[in-house]
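The lines below spell out each chain.
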Amino acid sequence: MITTPFLFPLSAATLGAMAPFLYLAIGIAFGYALEISGFGNSIKLAGQFYFKEMTVLKVMFTAIIVAMVLIFLASALGILDFNLVWVNPTYLWPGILGGLIMGVGFIVGGFCPGTSLVGASTLKLDAIVFLVGVYFGIFAFNESLSIPAMTAFWESSYLGRLTLMDVFNAETGVIVLLVVLMALFMFWGSEQLERIVGKMDASKFPRWRYFAAGGVVLVAAGVLFIGQPTTTTRWAKLAPVKQQLLVERKVQIHPGELLSIMHDDRVNLVMLDVRSEADYNTFHILDAKNVAPDGALKLIGGLQYQSTNTVFFIMSNDETTATEVWKTLVAESVPNVYILEGGINNWLAVFTDATFKQNHASTMPADDYLRFKFDAALGAQYAASSPNPDLVEGMTFTKKVILEGKKGGSGGGCG
Amino acid sequence: MTAATQKPLMSVEQPSAWSRIFRRDLKAYANPYLGGILLGVVLFSNFFLTGNGLGSSGGANRIIVWLEDLVAPTHVDTNAALAAVAGGVRDPLDNWVVYLTLGTAIGGFASGWMNGRLKLEINKGPHVTARQRLMFAFIGGTAFGFGARMARGCTSGQALSGGATLSAGSWAVMFAIFGGAYGLAYFVRRLWN
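Chains A and B, in that order, give the protein sequences.
Position 184, counted from 1, in the first sequence is what numbering that gives the first Met the number 0 calls 183; the numbers after and before it change by one each time, with no gaps.
Position 46, counted from 1, in the second sequence is what numbering that gives the first Met the number 0 calls 45; the numbers after and before it change by one each time, with no gaps.
Hints in this document: simulated from the structure, not taken from any laboratory.
Please read all numbers here as calculations on a predicted model, not as lab measurements.
Here a beta-carbon is modelled for each residue, glycine too, at the ideal position from N, C-alpha and C.
Certain hints may be false.
[Unchecked claim] Derived list of chain B stretches under chain A, where covered just means 3 residues or more per stretch with a C-beta under 8 Å from a C-beta of chain A:
no., segment
1, 67-73
2, 133-143
[Unchecked claim] Derived pair list, reagent style DSS-like, types lysine-lysine, alpha-carbon separation capped at 27 Å:
no., chain 1, residue 1, chain 2, residue 2
3, B, Lys118, A, Lys43
4, A, Lys288, A, Lys356
5, A, Lys398, A, Lys249
6, A, Lys398, A, Lys241
7, A, Lys249, B, Lys118
8, A, Lys198, B, Lys26
9, A, Lys399, A, Lys241
10, A, Lys249, A, Lys236
11, A, Lys241, A, Lys198
12, A, Lys51, B, Lys118
13, B, Lys26, A, Lys43
14, A, Lys43, A, Lys249
15, A, Lys297, A, Lys241
16, A, Lys399, A, Lys249
17, B, Lys26, A, Lys203
18, A, Lys203, A, Lys51
19, A, Lys288, A, Lys326
[As the list claims (entries may be wrong)] Covered stretches of chain B (in silico footprint by chain A; criterion: 3 or more residues with CB under 8 Å from a CB of chain A, positions within the stretch not fixed):
no., segment
20, 106-120
21, 151-164
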C-alpha cells in the first residue's frame with residue numbers, strides 16, 4: 000500500500016472485488032448521461048458541425064469544466080492525490096493526426112465510439128453499423144503497427160505527463176479559471192449561433208444556466224485561492240509516518256541487496272545518482288542516471304506510466320542529499336523509493352579490494368563528498384561500477400525492499 | 000400494427016403488457032447543460048474514486064483483440080501492440096474499461112427505454128438513402144476507430160477525460176477532432192442537410 004497524505008483515489012487493493020461493479024455502475028451512469036443528452040442520435044450530433052445546434056459542444060465542455068473544477072477542488076482540499084490521477088500522456092503528432100482522422104470519421108459517420116455504443120443499444124441501425132466500422136478501424140490500426148515506420152510514428156513526439164500548467168508555466172488555479180471562462184464564452188457564442196443559424200427561440204433557454212455558470216466560476220476562483228498542495232505541505236502531512244522509516248533505517252538498502260536487484264529480471268530498477276556531474280563522471284554505478292536533486296521528480300514524470308515492478312534507488316556520496324530527494328519523491332507519492340545505504344562511498348568500500356582502497360585513498364572529511372580519489376574520470380568503466388553478482392553470496396544483510404502495489408489510475412482507457 | 004392501435008378505446012383504459020413495457024411515451028432530450036453537468040459528475044466520480052477517467056475505444060480495442068486471440072493466438076503474441084493486452088495468458092477482457100464499456104451499453108439502453116427512444120431506425124439526412132447512410136456510417140466508423148487508436152483515445156478517453164485533467168496532448172487531440180470535422184463538414188453537407 001502506498002501511503003499518501005490523501006484519501007483518494009483508492010487503490011485496486013482497497014477496491015478489491017468491488018472494482019468491476021464500481022466500473023459497471025460508472026459505465027451505466029455514463030451511458031445514461033450520453034443518451035439523455037441526445038448523443039444516441041446522429042442527426043443531433045452532426046448538427047454541431049453546421050452550427051444548427053451546439054449540443055455536442057455544450058455537453059462536452061460543461062462536462063469537462065464540471066469535472067475539472069471538482070478534481071482540482073478535491074486536490075486543493077487535500078482529499079484527492081492528483082499525482083495518482085491518470086493524465087493522458089502526450090504523444091503530440093500521433094494525437095493530432097489521429098484527431099484529424101477522428102474528425103473525418105465523426106462528420107462522415109455521425110458518431111464517435113461512445114455515442115455509437117449508446118445509439119446501438121437504443122437500436123439505431125446507423126449506430127450499429129458505425130460501431131462495426133469502429134471495430135474494423137481499430138483492427139486495421141493494430142495490424143498496421145507491423146509496419147516499422149508506423150510504429151516509429153506512433154511512438155514519436157512523446158512528452159510524458161504534460162499538463163497545460165506545464166505548457167503555460169502557470170499555476171493550476173489560473174489555468175482552471177481560464178478554461179472555465181473560455182468554455183462560458185463558447186457557450187455564449189453557441190447560443191448566438193443557435194439563435195441565428197438554428198432559428199431557436201433563445202427565450203426558451205433556461206434561466207438556471209446563469210446560476211450554474213456563476214457557481215462554476217466561484218468554485219474555480221476558490222481553487223485558485225486555496226492553491227494546490229506543494230511538496231513541502233505534502234511531506235509535512237506524511238512526516239509522522241515516513242520519518243520513522245528513515246530513523247529505523249528501513250529504506251536504506253545495503254549495497255549487496257542493490258547488486259542482487261540489479262540482476263533480478265523481475266524488477267525494473269531505476270537508479271538516480273543525485274551527485275554533481277563531476278562526481279558522476281568520475282565514478283558511477285553502471286546504468287545509474289545522473290540528475291540534479293531538484294530534477295529527480297520531473298525525470299520520473301508521470302508515475303502512472305511506470306510499471307508496477309519499478310523500484311527507484313537514490314544515491315549520493317553519503318546519504319544526506321539522497322535522503323532529501325527520497326523525502327521529495329515519497330511526498331509526491333512515488334512508490335518503491337529507496338536510498339543506497341552509505342551512498343557511493345559505502346558502495347566503493349564494499350566492492351573494492353584493499354589495493355584499490357590504498358591507491359584511491361582520500362582524506363576528504365566533509366559529509367556527502369566522495370572519499371575516493373580518481374586520476375581519470377572513467378564513469379562506469381571501473382570494475383566496481385558493475386561488480387560480479389556472485390560477490391553477494393558471502394555477504395550478510397537484511398533484505399528490506401518490498402514492492403508496493405500500484406495505487407490510483409492505471410489508464411488504459413485509451414489502449 | 001398491434002391490437003392497441005386497432006382498438007384505441009380499449010388501449011386508453013387497458014394498454015397491453017407489450018405496449019406498457021416497450022411503447023413508452025417519447026420524452027424530450029435533457030437540456031444540454033444538465034446532461035453535461037451529469038456527465039461531468041460521473042467523470043469526476045471515476046477520477047475521484049479510482050484515478051481513471053472514462054473511455055470507450057479502449058473497451059472496443061480489448062474486445063477486438065480478444066476476438067483475434069480466439070482465432071489467431073500466435074499472431075496476437077507476435078504483434079507488440081496486441082501482445083500488450085492479450086499476449087500469452089493475459090486476458091484482454093480483464094480490465095476496468097471493459098466493465099465500463101458494458102455499463103455504457105446498459106445505461107444507454109436503460110435511458111432509451113425509459114424515455115421511449117428504444118426504436119429500430121436509421122437517422123439520416125433527407126437527401127441520402129438508408130443504404131447510403133449505412134455505407135457512410137461504416138466508412139466513418141472505420142476512420143474513427145483507426146484515428147482513435149492512433150491518438151490513443153477517442154472523444155471519451157482523450158477529449159473528455161484528458162480535457163478535465165488538463166492534459167496538453169488531450170487538448171491537442173480535442174481541437175484536432177473538431178478541426179477535422181469542421182474542415183470536412185462543408186464538403187459532405189449533402190449527407191446531413
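Consistency of the hints with the structure:
1. Using a Cβ-Cβ cut-off of 8 Å, 1 residues of the segment 67-73 of chain B lie near chain A, which falls short of the minimum of three, so the contact claim is violated.
2. Residue count for the segment 133-143 of chain B with a Cβ under 8 Å from a Cβ of chain A: 10. That meets the three needed, and the coverage hint holds.
3. For the given pair, Lys118/B sits about 16 Å from Lys43/A by alpha-carbon distance, which is consistent with the 27 Å threshold.
4. With a C-alpha separation of about 25 Å, the suggested pair Lys288/A and Lys356/A falls inside the 27 Å cut-off, and the hint holds.
5. For the hint linking Lys398/A to Lys249/A, the alpha-carbon distance of about 10 Å falls within 27 Å, and the restraint holds.
6. Taken as a hint, the Lys398/A and Lys241/A pair is honoured in the structure, with Cα atoms around 19 Å apart against an allowance of 27 Å.
7. Between Lys249/A and Lys118/B the CA atoms are separated by roughly 64 Å; this puts the pair beyond 27 Å, and the hint is violated.
8. With a C-alpha separation of about 22 Å, the suggested pairing of Lys198/A with Lys26/B holds against the 27 Å cut-off.
9. Restraint check: the Cα-Cα separation between Lys399/A and Lys241/A comes to about 15 Å, which is no more than 27 Å; the hinted pair holds.
10. Restraint check for Lys249/A and Lys236/A: satisfied, since their Cα atoms lie roughly 20 Å apart, inside the 27 Å limit.
11. Between Lys241/A and Lys198/A the alpha-carbon distance is near 63 Å, which puts this suggested pair outside the 27 Å criterion.
12. This hinted pair checks out: Lys51/A and Lys118/B have alpha carbons roughly 24 Å apart, not beyond 27 Å.
13. Of the pairs offered as hints, the one joining Lys26/B and Lys43/A holds, with about 15 Å between alpha carbons and a cut-off of 27 Å not exceeded.
14. Only pairs whose Cα atoms come within 27 Å are accepted, and Lys43/A paired with Lys249/A is rejected, the gap being roughly 60 Å.
15. Between Lys297/A and Lys241/A the CA atoms are separated by roughly 22 Å; this keeps the pair inside 27 Å, and the hint holds.
16. Between Lys399/A and Lys249/A the alpha-carbon distance is near 6 Å, which keeps this suggested pair within the 27 Å criterion.
17. A threshold of 27 Å between alpha carbons decides the hint, and for Lys26/B with Lys203/A the separation of about 17 Å falls inside it, so the pair holds.
18. Of the supplied pair hints, the one linking Lys203/A and Lys51/A holds, its CA atoms being roughly 16 Å apart against a limit of 27 Å.
19. Our distance criterion of 27 Å between C-alpha atoms is met by Lys288/A and Lys326/A, whose separation comes to about 19 Å.
20. Here's how the segment 106-120 of chain B fares: 13 of its residues keep a CB closer than 8 Å to some CB of chain A, so the rule of at least three is met and the hint holds.
21. Counting residues of the segment 151-164 of chain B whose CB lies closer than 8 Å to any CB of chain A gives 14, so the stated coverage by that chain holds, three being the minimum.
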